[in-house]
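With chain A fixed as given, assemble chain B onto it according to the hints.
Taken in sequence, the protein lines are chains A and B.
Letter 15 of the first sequence, counting from 1, is numbered 172 in this note's numbering, and no numbers are missing.
Letter 161 of the second sequence, counting from 1, is numbered 193 in this note's numbering, and no numbers are missing.
FYI, nobody ran anything at the bench for these hints, they're computed from the structure.
Some clues are possibly wrong.
Lysine to any residue pairs mimicking SDA-like chemistry, simulated, CA-CA at most 25 Å apart [as the list claims (entries may be wrong)]:
1. A:K343 x A:R361
2. A:K254 x B:M80
3. B:K126 x A:A196
Only a predicted model underlies this, so the values are computations on that prediction, with no experimental measurement involved.
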Amino acid sequence: MISASFIDVNTDFNHFSAADFLSNDDFIANQLNPNSDTAKNWQAWLNTTPPNVSEWNHAVYLLESIQLGLYNYSSNILSDEAILSLLQRIQQTNNEKQDHKVIIPLRPWKWIAAAVLLIFGALFLVRLLTKNEAKTYYSLRVTDTDKKHVERINNTGTSQMILLPDSSIVELAPGSKLAFNPDFNKADRIVYLAGEATFEVKKRSGRPFLVYANELVTRVLGTKFIVRAYDTEKKVLVDVLSGRVSVFREEADQTNQLGTDKNTGGLLLLPNQQAVFSLISEELKKGLVEQPVIITESKQTRPQFEYESEPIANVLRDLEKSYGISIRFNEDMLKGCELSASLTKESFDEKLEVICKTINAEYQKFDGQIIINAGGCN
Amino acid sequence: MNFRVKFQSIRPLLRKHLSAKLLLPSTDQDLWKAFQQGDEKAYTSLYMKYVKDMFRYGSSLVTTSEAFVVDCIHDVFTELWVKRERLSVPDNVKYYLLKALKTRVMHLLERKERPYTPLSELTLDFFETNDLEVIEELEFADSRQEKLRVLIAKLPNRQQEAIRLRFIENLNYNQIGEMLNVNTQSAKNLVFRATEQLKKWIILPILHFFYIFLG
Numbered sequence: 158m159i160s161a162s163f164i165d166v167n168t169d170f171n172h173f174s175a176a177d178f179l180s181n182d183d184f185i186a187n188q189l190n191p192n193s194d195t196a197k198n199w200q201a202w203l204n205t206t207p208p209n210v211s212e213w214n215h216a217v218y219l220l221e222s223i224q225l226g227l228y229n230y231s232s233n234i235l236s237d238e239a240i241l242s243l244l245q246r247i248q249q250t251n252n253e254k255q256d257h258k259v260i261i262p263l264r265p266w267k268w269i270a271a272a273v274l275l276i277f278g279a280l281f282l283v284r285l286l287t288k289n290e291a292k293t294y295y296s297l298r299v300t301d302t303d304k305k306h307v308e309r310i311n312n313t314g315t316s317q318m319i320l321l322p323d324s325s326i327v328e329l330a331p332g333s334k335l336a337f338n339p340d341f342n343k344a345d346r347i348v349y350l351a352g353e354a355t356f357e358v359k360k361r362s363g364r365p366f367l368v369y370a371n372e373l374v375t376r377v378l379g380t381k382f383i384v385r386a387y388d389t390e391k392k393v394l395v396d397v398l399s400g401r402v403s404v405f406r407e408e409a410d411q412t413n414q415l416g417t418d419k420n421t422g423g424l425l426l427l428p429n430q431q432a433v434f435s436l437i438s439e440e441l442k443k444g445l446v447e448q449p450v451i452i453t454e455s456k457q458t459r460p461q462f463e464y465e466s467e468p469i470a471n472v473l474r475d476l477e478k479s480y481g482i483s484i485r486f487n488e489d490m491l492k493g494c495e496l497s498a499s500l501t502k503e504s505f506d507e508k509l510e511v512i513c514k515t516i517n518a519e520y521q522k523f524d525g526q527i528i529i530n531a532g533g534c535n
Numbered sequence: 033m034n035f036r037v038k039f040q041s042i043r044p045l046l047r048k049h050l051s052a053k054l055l056l057p058s059t060d061q062d063l064w065k066a067f068q069q070g071d072e073k074a075y076t077s078l079y080m081k082y083v084k085d086m087f088r089y090g091s092s093l094v095t096t097s098e099a100f101v102v103d104c105i106h107d108v109f110t111e112l113w114v115k116r117e118r119l120s121v122p123d124n125v126k127y128y129l130l131k132a133l134k135t136r137v138m139h140l141l142e143r144k145e146r147p148y149t150p151l152s153e154l155t156l157d158f159f160e161t162n163d164l165e166v167i168e169e170l171e172f173a174d175s176r177q178e179k180l181r182v183l184i185a186k187l188p189n190r191q192q193e194a195i196r197l198r199f200i201e202n203l204n205y206n207q208i209g210e211m212l213n214v215n216t217q218s219a220k221n222l223v224f225r226a227t228e229q230l231k232k233w234i235i236l237p238i239l240h241f242f243y244i245f246l247g
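Isolated chain A, as found in the complex:
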């Protein structure tokens, strides 16, 4: 049937544009799931050296590009466990529907026993909840507001992936809790956190994403970062993995709802930077994350960190560029200093140590930057 219809319209293909090909079922079916007949037919047509072969190529390229662009969609795969547990649920429902005629009547004393049990159970639960959650920042925020929140609690021993309604991804650490408004997508994107979580936030024009955690607010547009705010710890940490993040205290946010850069005491964080908010001293400080990672994506532009008599200034600039961490040094003093070393496997700190040993210098971390003190080569 396919080959017959193919021959009928064969002549038309010579006038097809790329978009025409992509509006044609036979073309796409052959690209997605060819069989020997369709493949032969298209090859035969291509062998006639059609005048619009470039349109055909564009169509193939576009189709490939669209599929690549739809990767987020096509790779959204239900896990095997979820598939099996859903199957069990379906089978259970089917069995229940078949057995629905069998009703077991309960005797009156059983009803009473059940009611008593229920009341005690409820009381116990209420006590348990109020006892554990009293007074924590998170529970105040989540129960205080009028709106009901959707809450996710990770009681397992491993981190849990949560997909938010705006398709941002949260990796919730064990023992942590996350709450958000059911209207998350329509209103502001606000989440409340107790514990630790890594956020991979989808960028949405004009709709910032806010994380409230122990009096600290983290505001982003689209990035990846970690917030650590355990109720038992006396500080809040924000580590930036990519993109830009602004962090400020909650009071500052309330006086200035838009969270512009004028925020008093707010910080703008770049990748590999960290904000530490101490709940005791109420101080907000900028620093570097413990283990800075290379942030340049493409491997071609990434320096190899293999040096043969390379001026030290160039090495430091490589470091600065790859980690996005600014390094301050006195260029004049380091004139004539060279490095011959392979630093491919070393961490950021190890690389710095090797460099500083070579030039007899010391380094300091200050306000999210590296400062290289003194040094020089004779």
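Frame of chain A, contents of chain B only:
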């Protein structure tokens, strides 16, 4: 020159291989008829074969958690089981299941039993294609895949749904029309407009930036 699509799923090939070489009675229609007779194995095979496709398509219809879509798939399959003797045999089982899922999802959303919004009702402001805005967003994207994702996300929702159904789910335009409640020609037009727009961004070097970004 590359004539084949690289992202072709291996499943259709496997399926073809099994039915041709082992002569198993495993076409969808055969499974369907067996399921209608009450064959639980056939029913389970159909479930295992299409549950992933249903899940990803269902997830694309609503801004929602996994649980809501999973509930809807549950409802579709349990309803099929109850009505099995009265059903006709569909020409294309996958299309039938996707359509049934969409009907279920939309039904629940209309009854407002769930606190989720269908994507089609979301604010339209960030779907408007403004070239400057596209350029700005592309600066944030760091891989070709991410850039293409951004461009596709700029298309109107119905065009996005149409290209997902055509280029990933491999439904034909007739079926896509049925899914979107329009005729076949309108379904083609949706994809035609989407591809024209993407072609403008991806292939034609009118916007010189994109050529560099995507090249």
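Each hint tested on the structure:
{"no.": "1", "hint": "A:K343 x A:R361", "in the structure": "holds (12 Å)"}
{"no.": "2", "hint": "A:K254 x B:M80", "in the structure": "holds (22 Å)"}
{"no.": "3", "hint": "B:K126 x A:A196", "in the structure": "holds (23 Å)"}
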